[in-house]
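Undergrad: The residues making up each chain are set out below.
There are 4 protein chains.
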Amino acid sequence: MAGSRYTYVKGFELPDPLLPSTFFVIRIDGKGFHGFSKAHNFDKPNDWNALTLMNEAAKRVVGGRELNGECVMAFGESDEYSFVFKRSCKLHGRRSSKLVTLVVSVFTAAYVALWPQYFPNSPLKLEELPVFDGRVVQYTNEAEVRDYLRWRQVDTHINNMYNTVFWALVLQGGRTPVEAEQELSGTISSQKQEILFSQFGINYNNLEPMYRKGSLVIWEEGPPTENAPASTDEPSCSPSTSPSPASAQSANSPSTNSTPAPVKMRQRKKPAKPKRRLVVVHEDLISDAWWESGRGKGVLEG
Amino acid sequence: MAGSRYTYVKGFELPDPLLPSTFFVIRIDGKGFHGFSKAHNFDKPNDWNALTLMNEAAKRVVGGRELNGECVMAFGESDEYSFVFKRSCKLHGRRSSKLVTLVVSVFTAAYVALWPQYFPNSPLKLEELPVFDGRVVQYTNEAEVRDYLRWRQVDTHINNMYNTVFWALVLQGGRTPVEAEQELSGTISSQKQEILFSQFGINYNNLEPMYRKGSLVIWEEGPPTENAPASTDEPSCSPSTSPSPASAQSANSPSTNSTPAPVKMRQRKKPAKPKRRLVVVHEDLISDAWWESGRGKGVLEG
Amino acid sequence: MAGSRYTYVKGFELPDPLLPSTFFVIRIDGKGFHGFSKAHNFDKPNDWNALTLMNEAAKRVVGGRELNGECVMAFGESDEYSFVFKRSCKLHGRRSSKLVTLVVSVFTAAYVALWPQYFPNSPLKLEELPVFDGRVVQYTNEAEVRDYLRWRQVDTHINNMYNTVFWALVLQGGRTPVEAEQELSGTISSQKQEILFSQFGINYNNLEPMYRKGSLVIWEEGPPTENAPASTDEPSCSPSTSPSPASAQSANSPSTNSTPAPVKMRQRKKPAKPKRRLVVVHEDLISDAWWESGRGKGVLEG
Amino acid sequence: MAGSRYTYVKGFELPDPLLPSTFFVIRIDGKGFHGFSKAHNFDKPNDWNALTLMNEAAKRVVGGRELNGECVMAFGESDEYSFVFKRSCKLHGRRSSKLVTLVVSVFTAAYVALWPQYFPNSPLKLEELPVFDGRVVQYTNEAEVRDYLRWRQVDTHINNMYNTVFWALVLQGGRTPVEAEQELSGTISSQKQEILFSQFGINYNNLEPMYRKGSLVIWEEGPPTENAPASTDEPSCSPSTSPSPASAQSANSPSTNSTPAPVKMRQRKKPAKPKRRLVVVHEDLISDAWWESGRGKGVLEG
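Line by line, the protein sequences give chains A, B, C and D. The numbering of the first sequence is UniProt numbering, which starts it at 1 and goes up by one. The numbering of the second sequence is UniProt numbering, which starts it at 1 and goes up by one. The numbering of the third sequence is UniProt numbering, which starts it at 1 and goes up by one. The numbering of the fourth sequence is UniProt numbering, which starts it at 1 and goes up by one.
Here chain A stands alone, though its shape is the one from the complex (with noise of 0.2 Å):
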């Protein structure tokens, strides 16, 4: 062939597969969401849309036919989401640099392509796209990936309780956020709460599950609920998020938001042969009931 004679630079294509039977997570992370959550007014210290259209995206991740059902879970925060891989996965023959881009790029298309429904009256700005980086962690055993999750979590406490009493002292306390920080500077989590509730009323464990808990994206034995294909493991379009906290019963609830949506829906022709759904939920991994529990037992095992 014509081109024979550059064929050689393929040998510089070096192989990156994972060690076979650890269990693996690819966690992806907003790149600049500072800027990009003030450039379209994310409400302070959580945002509601946000979060759901994270979540959102990442069901699209886990249900979508690119991971062939692979991905057994997915624990999200704030604009992270890590997604967890059974060990027996042989997706695309593990190799690395394929699997972490496949996620980052069906999670940054399910993003841009659902931003409208989420966020219509801010429309994306083509200088200031969502952008989300990824790596690939391995772990040997269950233990391992239980300890990675709770990780995360306790992550989530520390920065919502942060930030929950950061805004609170800004928006409802007249702090400058000079002020606000200095007045943290040093506490523990019970001086926090404290200062929630004398000063605001506020009692922290009755705020929304999901700030305080982050989203767990896992699948669920079953047929699809009837009003919610939004749950279902071929992921339709319709939103599933509210105007606000308050009238939203679910992440999965269907949406009444009447935005003509861009992303058009699709008739489902085959049936899916293993009954199963994903559903969002929000749960103490910390300890150890959850992982105890009939939908945390064997979750890894997939």
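Hints may contain errors.
Using 30 Å as the maximum straight-line C-alpha spacing, the simulated DSS-like pairs for lysine-lysine come out as follows [said to hold, decoys possible]:
#, chain 1, residue 1, chain 2, residue 2
1, A, Lys31, B, Lys10
2, B, Lys98, B, Lys275
3, A, Lys213, B, Lys275
4, D, Lys44, C, Lys10
5, A, Lys125, B, Lys275
6, C, Lys90, D, Lys31
7, D, Lys125, D, Lys44
8, C, Lys90, D, Lys98
9, B, Lys86, D, Lys297
10, A, Lys297, A, Lys90
11, A, Lys86, A, Lys297
12, A, Lys275, A, Lys90
13, A, Lys10, B, Lys86
14, A, Lys31, A, Lys86
Note that these hints are calculated values from the structure, not bench results.
Fit chains B, C and D to the supplied structure of chain A, relying on the hints for placement.
TA: Quick look at chains B, C and D alone, frame taken from chain A:
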């Protein structure tokens, strides 16, 4: 800190730096674009809008602040794009997975965001989003990088020649796909050109350069063109497509497309320091001429 | 410093850590031992002294201060040896090339140093030294490590069975090598045993366990045996070989070899803290029995 | 095959190829040589025999059939040696661990085998064998490789200057080690030379080149010298040491040492195809002169 007992899991994040001082190429590839292009009725053998959309997404990658101007050129054909980085690039500590995921994410985001401008009547479906995977390849010197680009351009040439004759036989010549395949089996380049010319009056060398040579995104010295904001180094969203190749003056000509753009332009605040802009050209990279020309000389040094 | 303008070259030394918490095996292999064993007239199909020398070199690796006692066991056959490390091993930051080169170097040094004791009449030649290469393989759990060792022992069995019959046919049966090869072609294990028994009166299962099962170097609780200094955790150079298998009581029996040893013994100064010593045994690793026995249980945890 | 149920464990052996077309250096380092050199009473600040033994072991590596002549040069100082391979080297598929372990093993074997010729009165002890670890470093062009070697030679210079003055102060000047260290603290090169000259009448620049510049093992065109068999490309074991530097004509001069050598010479059968031999020289690699000279020009191309 409460979470410290779990932070050991962070130790499983292994370093993955590229070698210092290599040139490196990040190549992205459309995943399942055979089906995707069918679903959206891409023209055969080439779809002008689809290729222009690829080019615009690539410009967004090369010119975007995420890469800090360290990508010196990009080459695209069909549903793939190769981004070439100068050897002195120190972006993100040259961490492999960070770099490859960033490029894939920016490209995907731009592709999805720009889609409605190029395919206003064929909205994306959530279950079949355009998705790209990526890989990084390192080279030790300029000669190898040039040969890499030649390898891709030879591939462009071979594929386009085949596809052009194949689709002429099918669409204009009334063959079935199987008949066309058999007719082309074993033919060499000159025979394919002869079929094109004798049976369909098509001179292959007069076909669109973009189809025959692929597209090159490069930096050009000088101030951004007045009427071509899309070629500045801070990309805007003014679509540079045209309804048909016949009317297209250049891939950078301002669009007359009046589709309501979901992606909003942002006014540029601060002027770019070094005056340079991105252009899309279609050059012969296989002979040495372009590499010795004004544009090609030193291009890999950034 | 004067040299600082060149220190940038140090930046090309890339990290190569193993994953934390994997079990890992370092397997070394004799390079060109076919020729080497010929040059020194190794007995066929097995050379007692050559195998014992391998075992003694392996004991030096496992028991030496270089590995800090973190190698939990080793398995050898023919000219290869596998060293198994516990998952908690943190030696040298688990740097792959550091670990594999250390093991190879200690093994090679011990093999060469001990050589004159085992082959006093066949001195080494500089141009044909015994040389070993090595590799590191990581496993995620004990079941995989056990299967790794079973894989090597099945290999021992298959090779030894074949070689035993082959050399009986050649050395006692008067066949040429080609005839012997043809005679064995396509035979299964039971047929080979039958040939051995009917033609040569040899019961395969009565052959030396070291030949049939390979050698296992493991730690044993308790004080070093009085008359077996070679099995202490600080290896001495007292050769544990014997002139022939017939007279050998154990691979650890003190040598009666009076060859002037070029390697001098050093008196042990400080007593080992945890009383344990290295022993060489020949066990069936394929069934579960040994793994459940006193010696095998917990052996991989170190 | 009976063993097939275990062969899955082979899948855990991951590929580790070097990038094609890089130059690469394998550097080995003595492990714990501070203690080792004390145990064998190496002369301070430099031991002629110990360094010559390093050089001979390096020649065995470079000239041995294991590396197929693809190592183009080697540089040694103290207890370390760097082996430089040409970019076109395809040995063992450029597998990193294979290459680095081979070099370490050949070096170690040669060092131990040659030891009795250089230290006939100080036999090795099994529990304190000379051991080397190794690493591979890749470079993209000749300039970087030259700078690598300069980096090592600057290191040689700095260490030797310090050690020479330090040991003069201690051995001839009657200082304690602590006093000598304090006296040298903060001094620059010229001050150290001044101390040497004014207090001990030593002109630093007249000291042995091997001590000041390290040793370079390179190939030289032409037939092997009659009386210097050690410099042929098939290394023999004739020791090239000498009792003292004063009487040494060259590192390659035939030894007059009559110690019964445990390593036997083998007669060379077939003549080497390309006539070339290995020599040890002590050159200034920091300035450009040598690199532009007959020996240095093109040396890295092999």
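Undergrad: Within a Cα-Cα threshold of 30 Å, do C:Lys90 and D:Lys98 meet the stated pairing?
TA: holds, 23 Å
Undergrad: Against the 30 Å threshold, does the CA-CA distance of B:Lys86 and D:Lys297 hold or violate the hint?
TA: This hinted pair holds, its Cα atoms lying about 28 Å apart.
Undergrad: Is A:Lys125 close enough to B:Lys275, meaning Cα to Cα at most 30 Å?
TA: holds, 23 Å
Undergrad: Mind checking the alpha carbons of D:Lys125 and D:Lys44 for me, to see if they're no more than 30 Å apart?
TA: holds, 22 Å
Undergrad: Is the Cα-Cα distance between A:Lys31 and A:Lys86 30 Å or less?
TA: Between A:Lys31 and A:Lys86 the Cα gap is close to 27 Å, so the pair holds against 30 Å.
Undergrad: Can you confirm whether the C-alpha distance between B:Lys98 and B:Lys275 stays at or below 30 Å?
TA: Holds. B:Lys98 to B:Lys275 sits at ~28 Å (cutoff 30 Å).
Undergrad: Has the given pair, D:Lys44 with C:Lys10, been kept, meaning a C-alpha gap of at most 30 Å?
TA: holds, 28 Å
Undergrad: Hint check: A:Lys213 vs B:Lys275, CA-CA at most 30 Å. Holds or violated?
TA: Given pair A:Lys213, B:Lys275 is violated - Cα atoms ~48 Å apart, limit 30 Å.
Undergrad: Given the hint that A:Lys297 pairs with A:Lys90, test it: the Cα-Cα distance must not exceed 30 Å.
TA: holds, 22 Å
Undergrad: Keeping to a limit of 30 Å between CA atoms, is the pair of A:Lys86 and A:Lys297 held or broken?
TA: Measuring from Cα to Cα gives roughly 14 Å; hence the hint holds.
Undergrad: Would you mind confirming whether the straight-line C-alpha gap from A:Lys275 to A:Lys90 stays at or under 30 Å?
TA: Within the cut-off at roughly 22 Å; holds.
Undergrad: Keeping to a limit of 30 Å between CA atoms, is the pair of A:Lys10 and B:Lys86 held or broken?
TA: At roughly 19 Å apart (the allowed maximum being 30 Å), B:Lys86 and A:Lys10 satisfy the hint.
Violation of the numbered hints given earlier is confined to hint 3; every other hint is satisfied by the structure.
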